[in-house]
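**Q** Listed here are the chains, written in short residue letters.
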Amino acid sequence: MEKIPIIKVGDTLLVSIQTDLQDQVAMAMQSDLLSKIETTSARGVIIDISVVDIVDSFLGRVLSDTASMARIMNAVVVVVGIQPSVAITLVELGLELKQIPTALNVERGLLLLREKLGGSDGRADAAGSEALGGDEEIARNGHG
Amino acid sequence: MVTVSRSTRLSIANEIDLVRARQEVRVQAQALGFSLVDQTRITTAVSELIRNMMKYAGGGTMDLEAVRNGVRAGLRIICVDKGPGIPDIGLAMKEGYSTSNGLGYGLPGTKRLVDEFDIWSEVGKGTRVTISKWR
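Heads up: the sequence lines are chains A and B, in that order. Residue numbers are given in the working numbering: position 51 of the first sequence equals residue 52, and the series is strictly consecutive. Residue numbers are given in the working numbering: position 13 of the second sequence equals residue -3, and the series is strictly consecutive.
Just so you know, these hints were derived from the structure itself, not from any lab. Hints are supplied without guarantee of correctness; some may be wrong.
[Unchecked claim] Cut-off 30 Å, straight-line C-alpha distance, at most; resulting in silico cross-link-like pairs (DSSO-like, lysine-lysine):
id: 1; chain 1: A; residue 1: 99; chain 2: B; residue 2: 95
id: 2; chain 1: B; residue 1: 39; chain 2: B; residue 2: 78
id: 3; chain 1: B; residue 1: 109; chain 2: A; residue 2: 4
id: 4; chain 1: B; residue 1: 95; chain 2: B; residue 2: 78
id: 5; chain 1: B; residue 1: 109; chain 2: B; residue 2: 39
id: 6; chain 1: A; residue 1: 99; chain 2: A; residue 2: 117
id: 7; chain 1: A; residue 1: 99; chain 2: A; residue 2: 4
id: 8; chain 1: B; residue 1: 78; chain 2: B; residue 2: 109
id: 9; chain 1: A; residue 1: 99; chain 2: B; residue 2: 39
id: 10; chain 1: B; residue 1: 109; chain 2: A; residue 2: 99
id: 11; chain 1: A; residue 1: 9; chain 2: A; residue 2: 117
id: 12; chain 1: A; residue 1: 37; chain 2: A; residue 2: 99
[Unchecked claim] Chain A is nowhere near these chain B residues, computed Cβ spacing over 10 Å in every case:
id: 13; residue: -13
id: 14; residue: -11
id: 15; residue: -3
id: 16; residue: 7
id: 17; residue: 20
id: 18; residue: 45
id: 19; residue: 90
id: 20; residue: 92
id: 21; residue: 93
id: 22; residue: 97
id: 23; residue: 102
All C-beta atoms, glycine included, are put in the ideal place defined by N, C-alpha and C.
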């Protein structure tokens, strides 16, 4: 069975889903991710689904359950990179994923995490406006 | 009148078949020139129907047909199972109703993704759902 790699970047875990997932692989990703949150004490998780071209009710539920489980473990999950066609289909299907924080791409996702987690540099209040600040802000924050 | 120009049958028993069915539908929808959004709609609808089939009947068959109605080309998918059947189709098609997991967007959600949706079911015999999407 294929396995989805989970990469640690600072205190954030990055999961990039690359394939049309079998259910088992999605479930394994969920438990691997929770284990990794435990072992690394990560506070933020980015799940990138930018190359996933279909999210049905099962995968939608896995993503939303994963976010809830991570939250109980004191970590924030942000799902990023949802394709327009996937967003349209999800809403028509009746699955709006309202309970999951989402962002356009990985960079925006990292900013959102920073905002949600308050940041260690005490600049949490500025995070909202930084989202409009572009690449320069991201680069600067990346070194913070 | 609707004519069938090509038909493929896949038997569905497990989640590997589900992934294969989705890929097959995507490829055919692409070949027929459906937009990316429509490809995604059809593929997602099929995924939902096959999940129902697996959940309630343990599997079944899926016929994937390239169809034509005059100048219009389309894709028709027929999912057939020999499961327990649906006692009350009206209830199953009601928004917010679901017998498992309480998700409540099963069949009505799937119906919204396609142009035509037809369901036949008989208790003890099985269920057949036919969906079509026109280009």
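**Q** None of the hints should be skipped; say for each whether it holds.
**A** Against the structure, the hints come out as follows:
1. Proposed proximity of residue 99 of chain A and residue 95 of chain B is supported: the alpha carbons are some 22 Å apart, at most 30 Å.
2. Proximity of residue 39 of chain B to residue 78 of chain B is assessed by CA-CA distance (about 19 Å); at most 30 Å being required, the pair is judged to hold.
3. Simply put, residue 109 of chain B and residue 4 of chain A have alpha-carbon atoms about 39 Å apart, too far for the 30 Å limit, and the pair is violated.
4. For a cut-off of 30 Å, the pair hint linking residue 95 of chain B to residue 78 of chain B stands: about 11 Å separates their Cα positions.
5. For the hint linking residue 109 of chain B to residue 39 of chain B, the alpha-carbon distance of about 16 Å falls within 30 Å, and the restraint holds.
6. Simply put, residue 99 of chain A and residue 117 of chain A have alpha-carbon atoms about 16 Å apart, close enough for the 30 Å limit, and the pair holds.
7. Among the hinted pairs, residue 99 of chain A with residue 4 of chain A is consistent with the structure: their alpha-carbon atoms are about 27 Å apart, no more than 30 Å.
8. For the suggested pair residue 78 of chain B and residue 109 of chain B, the alpha carbons sit about 22 Å apart, so the restraint of at most 30 Å is met.
9. Straight-line distance between C-alpha atoms of residue 99 of chain A and residue 39 of chain B comes to about 26 Å, which keeps the hinted pair within the 30 Å bound.
10. Between the alpha carbons of residue 109 of chain B and residue 99 of chain A the distance comes to roughly 38 Å, so the proposed pair goes past 30 Å and is violated.
11. In summary, the hint linking residue 9 of chain A to residue 117 of chain A is supported, as the alpha carbons are separated by about 19 Å, within the 30 Å threshold.
12. In summary, the hint linking residue 37 of chain A to residue 99 of chain A is supported, as the alpha carbons are separated by about 25 Å, within the 30 Å threshold.
13. No Cβ of chain A comes within 10 Å of the Cβ of residue -13 of chain B; the nearest lies about 28 Å off, and the non-interface call holds.
14. For residue -11 of chain B, the requirement that its beta carbon stay farther than 10 Å from each beta carbon of chain A is met, with the minimum near 25 Å.
15. With 10 Å as the threshold on Cβ separation, the claim that residue -3 of chain B sits away from chain A holds: the shortest Cβ distance comes to roughly 14 Å.
16. Taking the minimum C-beta to C-beta distance to chain A, about 7 Å, the non-interface status of residue 7 of chain B is violated against the 10 Å cut.
17. Not every beta carbon of chain A lies more than 10 Å from that of residue 20 of chain B, the smallest distance being close to 5 Å; the non-interface claim is violated.
18. Look at residue 45 of chain B: its CB is around 19 Å from the nearest CB on chain A, clear of 10 Å, so calling it non-interface holds up.
19. With a minimum CB-CB distance of about 8 Å to chain A, residue 90 of chain B fails to clear the 10 Å threshold, and the non-interface call is violated.
20. The non-interface label for residue 92 of chain B is inconsistent with chain A: the shortest C-beta to C-beta separation is roughly 7 Å, within 10 Å.
21. Once the 10 Å rule is applied to beta carbons, residue 93 of chain B is inconsistent with being away from chain A; the minimum gap is 4 Å.
22. Non-interface call for residue 97 of chain B relative to chain A: violated, since the shortest CB-CB distance, roughly 6 Å, does not exceed 10 Å.
23. No beta-carbon of chain A is positioned within 10 Å of the beta-carbon of residue 102 of chain B; the least distance is around 19 Å.
The structure fails to meet hints 3, 10, 16, 17, 19, 20, 21, 22 from the earlier list, while all remaining hints are met.
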